[in-house]
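Guided by the hints, dock chain B onto chain A, whose structure is given.
Going down the list, the protein sequences come from chains A and B. For what it's worth, the numbering used here labels the leading residue of the first sequence as 1, then goes sequentially. For what it's worth, the numbering used here labels the leading residue of the second sequence as 1, then goes sequentially.
Since the hints were derived computationally from the structure, they do not count as laboratory data. A couple of the hints might just be wrong.
Claimed, not checked - Listed next, the in silico PhoX-like pairs over lysine-lysine satisfying Cα-Cα at most 20 Å (straight line):
hint: 1; chain 1: B; residue 1: K417; chain 2: A; residue 2: K141
hint: 2; chain 1: A; residue 1: K142; chain 2: B; residue 2: K424
hint: 3; chain 1: A; residue 1: K122; chain 2: B; residue 2: K378
hint: 4; chain 1: A; residue 1: K194; chain 2: B; residue 2: K424
hint: 5; chain 1: B; residue 1: K62; chain 2: B; residue 2: K86
hint: 6; chain 1: B; residue 1: K417; chain 2: A; residue 2: K194
hint: 7; chain 1: A; residue 1: K235; chain 2: A; residue 2: K252
hint: 8; chain 1: B; residue 1: K424; chain 2: A; residue 2: K141
hint: 9; chain 1: B; residue 1: K297; chain 2: A; residue 2: K122
hint: 10; chain 1: A; residue 1: K224; chain 2: A; residue 2: K239
hint: 11; chain 1: A; residue 1: K122; chain 2: B; residue 2: K332
hint: 12; chain 1: B; residue 1: K168; chain 2: A; residue 2: K162
Said to hold, decoys possible - For each label pair, taking beta carbons as the anchor points, the in silico distance ranges come out as:
hint: 13; chain 1: B; residue 1: D298; chain 2: A; residue 2: R117; range: 19 to 27 Å
hint: 14; chain 1: A; residue 1: E145; chain 2: B; residue 2: L257; range: 33 to 41 Å
hint: 15; chain 1: A; residue 1: Y75; chain 2: B; residue 2: R173; range: 52 to 60 Å
Each residue gets a CB set at the ideal place from its N, CA and C atoms; glycine is no exception.
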Amino acid sequence: MREQAWRLFAGEYNETTCKVEGEGDRDPSYVVTPLGAKVNRLYVVGVLTNVEDLSSEGEMLRAHVSDPTGVFVLYAGQYQPELLDYLAHMDTPSYVALVGKSRTYEPEEGTIYVSVRPELIKEVDASVRNYWILEACRHTKKRIEAVVEADNMTSPSVDELKSLGYDTALAEGIIASLSHYGKIDIDSYYSLIKEALASLKTGDINTHSHTQEIEEKILGLIAKNEGDEGIPWEKLVKKGIEAKFDKEVIEKTLESLMDKGLIYEPQLGRLKTA
Amino acid sequence: MVEENNFESDLDDVINALDEDIDRSELKKKLEEYLSYGVPLDQAKNTLIKQYGGTLIVSQKKNLKDVQVNERGLNIVCRIISINPKEIEVKGEKRKIFYGFLGDETATRTFTSWKDFEINKGDVIQITNAYSREWRKEPQINLSESTDVTQLDPSTIESVVRSPATAKIIDLRGGMGNVEVTARLLSLEEKIVTARGKEKKIYSGIMGDTTGKIPYTSWKDFGLNENDVITVTNGYVKSWRGAPQLVFDENSQVEKLDSDKLPLQDIGTSLVSISILIERGGGADVMVEGTVLEVIKDSGLIYRCPECNRVLKNGMCGTHGEVQGIPDLRIKAILDDGTGSLNALFNRERTEQILGMTLDECKQTAEEVMNPALIEHKIIDNIIARPLQVTGDAFSDEFGLTFLVHTVHMLSLDITKQANDLLKELEE
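Here chain A stands alone, though its shape is the one from the complex (with noise of 0.2 Å):
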């Protein structure tokens, strides 16, 4: 039996950090993301940003697809000529479908980073990736739908799931998704399915969410404050409190801002933009 390509965004995929091997050597693995879905393939549409050559005669390409929520990384090898081929001489910006699996690496014990290597890529046009985002936004509630109905169980297991309606593999998605991740956010994947909608509403391609003001707000005051040496860390966050973000919000935005290389610490503990 094929595995289905599950709709699901960046901004739940790449969170995910939850492993399961297949037993036998047939066996197909997965990833289990936060909202219990249970990844071996994955189906996406979004915005190709750009594609990178990781060899010199372009055996391994890095591409970019990107989604109101997130960046999908995919790799893509060797094995796979034509769609390597096909992508290396793809436009960027363009809309395109992929159709992939799922891959993690770990470069050490208990860091997992996931991303895809895809089996198919095909341009689309952008009624095309509106369709996804409407189903994407679908599945994701269903998903946080089948969490809360599972916390609400006195011992949550697959059957009671499955007798709730929820098919199989969900059902052992979000089994094994609760004793991973432990308490799952469910309002910030609410905020991820509006921000998602939102940016239908507007039409705007550049989908400019909730998560890139507040970083750019952030930025800004580094910016103002940071002079020769950077502001100190501590000092930041005050004045990020001041400017009414939660201490917890401004620490996430940093690290992002730290990940995405447009901040770092010239000394420990200093803030300076780049």
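Leaving out everything else, chain B in the frame of chain A:
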């Protein structure tokens, strides 16, 4: 209030369950106290026994209709209506379990026995210390290692109430027994079959309700006509050619309803998710919405053997060698809705619809550029990533679920309204 003598026998129960000698009046005082707080008698007794370190007594005999989900210590007197062995694997070990139906004067329930109690169909038994679980939204009786079974005189239960499960067609699954279905007979044909050396006339066709359609077979002449609206009681569901089929026979009842019921236009093909279709093992005339994620090789312009209709490879038929092939169009594609995937087969007409080209036009175009694969590329361009709604027949085989497409409809990509509706729903 609880009557005095009831009470005495209950106290006896408690004292019998205790290892130590406990003062009767002390127990009585405590029991009365619990009862005055509205604690149910069974619970009050078991609480006392627990307090004094005795072995729990099982609750009083229950009628099946009163059994709820997740009860323990069940005590039931019932008749075994059916019992079947089944091999399952638990933690890598093979185990033999039994399942079937049991019933008493009040209800019929499914059961699972995790141990071989050497019970047979028709036995009337007393079951002590069983438990119940939920199965298809109903309580199911479970017999475990710690359950006791005693054979009783069969006359203990004169008749078992058949409480058929009223089902919609979409919910029917192979293996279900004692179902009640109301449907319209969309087609009917008579067939003579040989069963156990005897010729027998059977009646079969397709029936439908508002949720879907299903093939049926009647082993008895109920005087049925096409377009009759009937309620079948005590039918059962078989898996036939990889899809569920409703069967009824001399043990079933058929009631004809007013022909205004279930008008033809309400008989539908309701939309199902692919995961449900896979779980169901297929279905007749079902509707699915999904996206084509792959077009499988040998789609497009193909040539068939004039003798056996098989698709030629390099102009050769596997059986008949080099032949003059007959051109045809078809698409084999993977359709996926995020819950599951299936192999969709589009015939010539449906392929022409998707391509917007006739077979002749396809032949001409392919000959002009001398490349029959051109049509396959056109199909890939037109169909991959395109959300579709299809209706057709689905059945399971070694490759998973195969879907013969009857109608195909490109879904509108204008989703503004749906997006707004969903946003509103979320903001409430």
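So, going through the hints one by one against the coordinates:
no. : hint                         : in the structure
1   : B:K417 to A:K141             : holds, 17 Å
2   : A:K142 to B:K424             : holds, 16 Å
3   : A:K122 to B:K378             : holds, 13 Å
4   : A:K194 to B:K424             : holds, 10 Å
5   : B:K62 to B:K86               : violated, 28 Å
6   : B:K417 to A:K194             : holds, 15 Å
7   : A:K235 to A:K252             : holds, 16 Å
8   : B:K424 to A:K141             : holds, 13 Å
9   : B:K297 to A:K122             : holds, 17 Å
10  : A:K224 to A:K239             : holds, 11 Å
11  : A:K122 to B:K332             : holds, 18 Å
12  : B:K168 to A:K162             : holds, 19 Å
13  : B:D298 to A:R117: 19 to 27 Å : holds, 26 Å
14  : A:E145 to B:L257: 33 to 41 Å : holds, 38 Å
15  : A:Y75 to B:R173: 52 to 60 Å  : violated, 42 Å
Taken one by one, the earlier hints fail for this structure at numbers 5, 15, listed in ascending order.
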